[in-house]
Amino acid sequence: MSTDTTPGQILDPVADRRLRTGPLSNGQDAAEARGYVDPPPRVGFFTDTSVCIGCKACEVACKEWNRVPEDGLVFTGMSYDNTQGLGADTWRHVAFIEQRKPLARQVTGAVARTGLESHDEGDASGAVGFRWLMASDVCKHCTEAACLDVCPTGAIFRTEFGTVVVQEDICNGCGYCVPACPYGVIDKREDDGRVWKCTLCYDRLKVGQEPACAKACPTDSIQFGVLDELRERADQRLAVLHSAGVSDARLYGRDPDDGVGGDGAFFLLLDEPEVYGLPPDPVVGTRELPALWARVGLAAAALSATVAAVFVARRS
Amino acid sequence: MSNQSNVGREGQEGVRPGRGATTGVHVGASSSNAETAVRVRDPWAPRGQGNGRGPRAIASSAGAATASYYGLPVLNEPVWSARDIAGYLFLGGLAGASAAVGAGAHVTGRRALARGAKLGAAGAVGLSLAALVHDLGRPTRFLNMLRVLKVTSPMNIGSWLLAGFAPAAMASAASEVTGLAPTGGAIATAAAAVLGPGVSAYTAALIANTAVPSWHGGHRTMPYVFVASGASAAAGWGLLTAPPTECEPVRRLALVAGPAEIALTKLMEREMGMAAEPYHQGRAGIYMKLAVGLTALGSLTSSLARRDRRAGIAAGAALLLGSAFERFGVFRAGVQSARDPVYTIAPQRARRAEVTARG
Ligand code: SF4
Ligand code: SF4
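Here the protein sequences line up with chains A and B, keeping their order.
The opening position of the first sequence corresponds to residue 381 in the numbering used here, with each subsequent residue numbered one higher.
The opening position of the second sequence corresponds to residue 3 in the numbering used here, with each subsequent residue numbered one higher.
Isolated chain A, as found in the complex (with noise of 0.2 Å):
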């Protein structure tokens, strides 16, 4: 993993702060506020689980090219979901939601033709419909990725795609980016002490290949792009299934302006973000950083002065 400059060395406030307020947010950015010189476009993925079959051919693919360890064989009991949820040993999650709701106004042939109800019973209030929800989950690569702000060794780094990665060879395992990632992404792989998570392929990147994961996947639900590219076309889709009746659908981490600057990697979701285990307003914690190294600089002097005075106090 040697790249031409040396990431993730030094923290340019001065980008940063370009990066959240200027109009040079996207992520090409913030490859180039990390001191690359004319890096490639940012890429990222768009996740767009209206045409997700759930057939978890990303989870395996991610598994097998990133050689990922078994992540445990269990039995949830959670619909067709057995992962559970992003970690150390687990890149790609497919969720499974099983609603009582129909997905839209979908006639089908024979019930047009021969007036025959769908073999949906219907509950006390007249809904008709049954529908699963699937969504392949990842790291967001975000903009303002808050894992890489905090690693203290500079292990997590910006790629000159714009994607975040660890360098397994500099961590130290100190668990720090796994509280600090909004998403409940990145964790610690407890045998081997260091963390893991999505790399974006970053080996396939070098080498103008797509990601194992939207290389495998059937439907296109997971697409591969230059990130600018797929908010167009995530724009596109969402207006086609808004004009074909799914009031439902959202676009999750598409806007620059969140509270992460946007992610990297974006979704097309058909519910609220917490019903896929997504957290609904993410924040990352170093926009408020400056002040809270404030208050620790007061809270310290006033410890000093406390101190100060009660050996300068006379004695009443």
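Hints are computed from structural coordinates only; laboratory data are not their basis.
C-beta: ideal position from N, C-alpha, C; glycine also.
Do not take every clue at face value.
[Unchecked claim] Pair by pair, the computed Cβ-Cβ distance ranges are:
no., chain 1, residue 1, chain 2, residue 2, range
1, A, K481, B, A132, 53 to 59 Å
2, B, W162, A, E668, 17 to 23 Å
3, B, W162, A, L678, 15 to 21 Å
We have chain A already, so just place chain B with the ligands on it with the hints.
Then chain B with the ligands, alone, in the frame of chain A:
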């Protein structure tokens, strides 16, 4: 007809569903109350998932106030061990404040108090370093912490602070004990006293700068809580080690810091909103109650320490324990808040609703 049961890894609870079991009725909903979420310990607790780090909620009871994914946490639970990291928060606070007390006693010629405080600072920072290194997944890579200088990482800044503070505190103690190099000792004492309060305070930034609701929620007040708690512990250590003739300053410190710790903790909880709940639940709740009780007791007893050495010792021990329970309580509350998705989801939802309402 409707399926009223929760299906968990240990089988079903409640009514057995008939053939017409409805799907998705109880799915995707978590209780608004942490206590009612059904938690099932996985007998095969796999590594990596659940990490053997205690139970993970996999099913939730009815009462769908907040939607979630099968009641599973949104965040990954902190991987830090309570003994190491909560212990580190306590020892760092004690070491930093003791260094300041040591300098004060040094300047005002209180020899026994100075000796105790300097030794306390050196011992506590030594132990806290050991705890830090012990908690690393790769302890031999400890020095990677000093590979970079990053203000966005409180742990990195803390490592640099400790890299300055620990040698100063140890040199100060060594000179005190051996009587060698008194000028160097005085300089080291001063350096430790300058860096010490920073060591006491920065740990608040360390844990508040995370996504853990009951830690992050304290980002306004926690630095003050932590220095008060550190001062209270240092006062306790002083009362424990110094004779009544010299302990007047630490007695005063105990009278100020103890009540400050209690009051500031209350203030911090008030500012946290919902994320304050874990401070009153489970083990965190017990620790926080013990912290208040012991700190109050220590503060009150310290007023007797002017005459009675035994009262000083009792007060000192109570203050030290109170401060330790405070840190373990804060640590534990954070872990509990990370386990329950409601503390992550509900406040974010509320914030989003507010933004939408404002247009
Ligand atoms: S989702 Fe979490 S692990 Fe991934 S880049 Fe963002 S903060 Fe880091
Ligand atoms: S565990 Fe490794 S990657 Fe995570 S913050 Fe610590 S050193 Fe960085």
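Against the structure, the hints come out as follows:
no.	hint	verdict
1	A/K481 x B/A132: 53 to 59 Å	holds (55 Å)
2	B/W162 x A/E668: 17 to 23 Å	holds (21 Å)
3	B/W162 x A/L678: 15 to 21 Å	holds (20 Å)
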